[in-house]
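Number of protein chains: 6
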Amino acid sequence: MSTPSDHSANAERPTPERKEPAYLFTEKSVADKSEIARRFLETRARLNATVDKANNFLVKRIYNIDHNTYMEGVLPAKTKELMGLVASACLRCDDCIFYHAIQAYRLGVTRTEQEESLNVALVVGGSIVVPHLRRAYELLEEIYG
Amino acid sequence: MSTPSDHSANAERPTPERKEPAYLFTEKSVADKSEIARRFLETRARLNATVDKANNFLVKRIYNIDHNTYMEGVLPAKTKELMGLVASACLRCDDCIFYHAIQAYRLGVTRTEQEESLNVALVVGGSIVVPHLRRAYELLEEIYG
Amino acid sequence: MSTPSDHSANAERPTPERKEPAYLFTEKSVADKSEIARRFLETRARLNATVDKANNFLVKRIYNIDHNTYMEGVLPAKTKELMGLVASACLRCDDCIFYHAIQAYRLGVTRTEQEESLNVALVVGGSIVVPHLRRAYELLEEIYG
Amino acid sequence: MSTPSDHSANAERPTPERKEPAYLFTEKSVADKSEIARRFLETRARLNATVDKANNFLVKRIYNIDHNTYMEGVLPAKTKELMGLVASACLRCDDCIFYHAIQAYRLGVTRTEQEESLNVALVVGGSIVVPHLRRAYELLEEIYG
Amino acid sequence: MSTPSDHSANAERPTPERKEPAYLFTEKSVADKSEIARRFLETRARLNATVDKANNFLVKRIYNIDHNTYMEGVLPAKTKELMGLVASACLRCDDCIFYHAIQAYRLGVTRTEQEESLNVALVVGGSIVVPHLRRAYELLEEIYG
Amino acid sequence: MSTPSDHSANAERPTPERKEPAYLFTEKSVADKSEIARRFLETRARLNATVDKANNFLVKRIYNIDHNTYMEGVLPAKTKELMGLVASACLRCDDCIFYHAIQAYRLGVTRTEQEESLNVALVVGGSIVVPHLRRAYELLEEIYG
Numbered sequence: 000m001s002t003p004s005d006h007s008a009n010a011e012r013p014t015p016e017r018k019e020p021a022y023l024f025t026e027k028s029v030a031d032k033s034e035i036a037r038r039f040l041e042t043r044a045r046l047n048a049t050v051d052k053a054n055n056f057l058v059k060r061i062y063n064i065d066h067n068t069y070m071e072g073v074l075p076a077k078t079k080e081l082m083g084l085v086a087s088a089c090l091r092c093d094d095c096i097f098y099h100a101i102q103a104y105r106l107g108v109t110r111t112e113q114e115e116s117l118n119v120a121l122v123v124g125g126s127i128v129v130p131h132l133r134r135a136y137e138l139l140e141e142i143y144g
Numbered sequence: 000m001s002t003p004s005d006h007s008a009n010a011e012r013p014t015p016e017r018k019e020p021a022y023l024f025t026e027k028s029v030a031d032k033s034e035i036a037r038r039f040l041e042t043r044a045r046l047n048a049t050v051d052k053a054n055n056f057l058v059k060r061i062y063n064i065d066h067n068t069y070m071e072g073v074l075p076a077k078t079k080e081l082m083g084l085v086a087s088a089c090l091r092c093d094d095c096i097f098y099h100a101i102q103a104y105r106l107g108v109t110r111t112e113q114e115e116s117l118n119v120a121l122v123v124g125g126s127i128v129v130p131h132l133r134r135a136y137e138l139l140e141e142i143y144g
Numbered sequence: 000m001s002t003p004s005d006h007s008a009n010a011e012r013p014t015p016e017r018k019e020p021a022y023l024f025t026e027k028s029v030a031d032k033s034e035i036a037r038r039f040l041e042t043r044a045r046l047n048a049t050v051d052k053a054n055n056f057l058v059k060r061i062y063n064i065d066h067n068t069y070m071e072g073v074l075p076a077k078t079k080e081l082m083g084l085v086a087s088a089c090l091r092c093d094d095c096i097f098y099h100a101i102q103a104y105r106l107g108v109t110r111t112e113q114e115e116s117l118n119v120a121l122v123v124g125g126s127i128v129v130p131h132l133r134r135a136y137e138l139l140e141e142i143y144g
Numbered sequence: 000m001s002t003p004s005d006h007s008a009n010a011e012r013p014t015p016e017r018k019e020p021a022y023l024f025t026e027k028s029v030a031d032k033s034e035i036a037r038r039f040l041e042t043r044a045r046l047n048a049t050v051d052k053a054n055n056f057l058v059k060r061i062y063n064i065d066h067n068t069y070m071e072g073v074l075p076a077k078t079k080e081l082m083g084l085v086a087s088a089c090l091r092c093d094d095c096i097f098y099h100a101i102q103a104y105r106l107g108v109t110r111t112e113q114e115e116s117l118n119v120a121l122v123v124g125g126s127i128v129v130p131h132l133r134r135a136y137e138l139l140e141e142i143y144g
Numbered sequence: 000m001s002t003p004s005d006h007s008a009n010a011e012r013p014t015p016e017r018k019e020p021a022y023l024f025t026e027k028s029v030a031d032k033s034e035i036a037r038r039f040l041e042t043r044a045r046l047n048a049t050v051d052k053a054n055n056f057l058v059k060r061i062y063n064i065d066h067n068t069y070m071e072g073v074l075p076a077k078t079k080e081l082m083g084l085v086a087s088a089c090l091r092c093d094d095c096i097f098y099h100a101i102q103a104y105r106l107g108v109t110r111t112e113q114e115e116s117l118n119v120a121l122v123v124g125g126s127i128v129v130p131h132l133r134r135a136y137e138l139l140e141e142i143y144g
Numbered sequence: 000m001s002t003p004s005d006h007s008a009n010a011e012r013p014t015p016e017r018k019e020p021a022y023l024f025t026e027k028s029v030a031d032k033s034e035i036a037r038r039f040l041e042t043r044a045r046l047n048a049t050v051d052k053a054n055n056f057l058v059k060r061i062y063n064i065d066h067n068t069y070m071e072g073v074l075p076a077k078t079k080e081l082m083g084l085v086a087s088a089c090l091r092c093d094d095c096i097f098y099h100a101i102q103a104y105r106l107g108v109t110r111t112e113q114e115e116s117l118n119v120a121l122v123v124g125g126s127i128v129v130p131h132l133r134r135a136y137e138l139l140e141e142i143y144g
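Protein chains in written order, with numbering that gives the first Met the number 0: chain C, 0 to 144; chain B, 0 to 144; chain D, 0 to 144; chain P, 0 to 144; chain H, 0 to 144; chain F, 0 to 144.
Okay, chain C solo, but in the shape it has when bound (with noise of 0.2 Å):
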């Protein structure tokens, strides 16, 4: 879709989403405080192992893009988290808003600046997340509380 030309033409513009962001906190810190995002955490890497192991091209280029969209750009990485915190709750994907809220939590994000992202998908997503929701005020509970 993309032609030479407009590579050469919008050259100067630079390409914003690429710094890995500085964690607070290790994965392993979440664990040990929760026992929800130690089971999360633990269940996704085990899985994970087996999509690495399949070794399937495409799998692994959009793993790769969706690491990048979470990096420091022209929004703070916390931001872009919180981002993907309302999008997986307004989506209703449980294991999204676990992966998310940790992340945030790890670059330092405030308990009180989830809920507050949390209320947009419920505004927008409706009753539907309410289920959703008790599970991550679960989750936050653990980690922060």
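By construction, these hints were calculated from the structure, which means they are not laboratory data. Among these hints, one or two may not hold up.
Because identical chains share one entry, a pair is satisfied inside a single copy or across any pair of copies.
[Claimed, not checked] Only pairs whose alpha carbons sit at most 30 Å apart, straight line, appear in this in silico DSS-like list of lysine-lysine:
id: 1; residue 1: Lys77; residue 2: Lys32
id: 2; residue 1: Lys59; residue 2: Lys77
id: 3; residue 1: Lys18; residue 2: Lys59
Since the structure is predicted, the reported quantities are computational estimates derived from the model, not experimental observations.
Following the hints, complete the assembly by docking chains B, D, P, H and F onto the known chain C.
This is chains B, D, P, H and F only, laid out in the frame that chain C set:
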């Protein structure tokens, strides 16, 4: 968005959704009949306690509006609980299906009325609803069986 | 999936959804009152003619089942059309909303009953439903106004 | 919706979806290889028995149509099971993913063909599909591994 | 759901979401720059007038809560409008995307910040978001171009 | 997520999705047969030019991955375009349906194969898919008629 003028202009039009319905059965009696209901209601109560404790202003308002939606109005509370069931089934949320099926039962809705409501969700929502339908029937079997 | 034995075992249980409802108004009379309804019904009829012409066996069966779902049953046809409206609104399909709102009107459902049904969809589905609610209210204004 | 005339007018056009596919493997043999498959198939059979027992006319018709959709037609049953897999993955239903992945395996579909189908769902549906992809790969690992 | 006791127990915890943000631009100035924005804002105002006129109690409360969600809080209004944009894009609602993109612009959000937010929705929501992304970029081009 | 070791460990496994398919028809020839296709393709090209101009790094990578997904692989490009059609129909995106139906046609897929694919989406996704099915049939009528 609304202006003072529309309040006065429409002041004569009553607001119908408000009266608490009369339940024939308590949550406890449903939990006594059905293990699925019991586990659902206990988990929900435990997690709602966590949400309550967080005391988030906007979440409390959403919970309050959600509660008001299913009051007696121009439509009977029974009908609105069944509509909540249809919405929950076509949006595919097991917790929400369980909640509204239990509420409808508590208001005296028959099993056949619940099934007929689920049929609307099944036809509108397609075979992707089937796994949720199966779990709904398992609950109905326990509470009506 | 079903076996001969369950047919006989359940033979005494009647199948409730089957009787055509009595419409108070024809589609034409709705189209005469509302330009939105008229355009919707005309486009729908024109496109359904294309679908009919293709004579696809499975599509015809789905259309047939869809039709049967909203017959008089243990629940009145009115209630089921309103459930179709709730499902359509929370799944956010304007055409489906228009269809069920018109059907409900033809069966004698009041505007307030339609609004109260839409409220269930709005609360369950969230603010993402609002643009569809606006268009639904525009139609309701034309057909009831 | 359909009229007598279109039946006769299109009578010469055959209806392609109808022939039962030839399975290479029984459900039992899949359950023997995979604990995930075994648990899924057992739960599904148990819950379907509850649904069958209820003998709901419309549910039975939907189950019947659903069954017919994946017969041999102008497209091979294999392809249609993989399409069912894609639809299930992008609509994010684990039970439906498990069902179609098992069916596809039983028809002789290779693991790489399953992965390539899941890629379509992943790209169309986005990273919200990833948790379901992980669980699908876990199943594939067990049944093909 | 909430009880008197939790109100007092949490009385010291402030409710952050409440202050009206300061807009740099009026809706009118956006409409003057962009034909897409102008048409959207006019249609929205016209339809909201119909909704207002109906004076539905519950709809008014939802509109009110929706408004409060995007106030200045522990998160800046800018960030919350961008979260509304992400939610709207991954739930695929053009009207909602337009609304939040315009609001974000009015608060001084840059185009690159809007694009980076849309990227989160695109990655989470997949290629099914692309048609909405295209229309969002067309709007951004008009209001920032 | 992936580590150097899994790259080498799986180096022998080929990556199948990569070869450009051979189109029997150009986009222009489809546009010449169908007014719906013509309008869709023109709008898409015009809006993609706006997206290209913005030169967003991550959007370009997503477009690239999206393109690669439908290449010849272990599954024929034809099959994958039809899978894209199924995904688009059950996620209810008209633009995406039009795109994949046109692509499938360009690769020599028959109308009956397109209909049978749409049936999978219709059965999985339910009657909420019907309005999109109608518009898909209108397009199919124009390009195959």
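* Going through the earlier hints one by one, which of them does the structure break, listed in rising order? -> When the structure is compared with the hints, none of them turns out to be violated.
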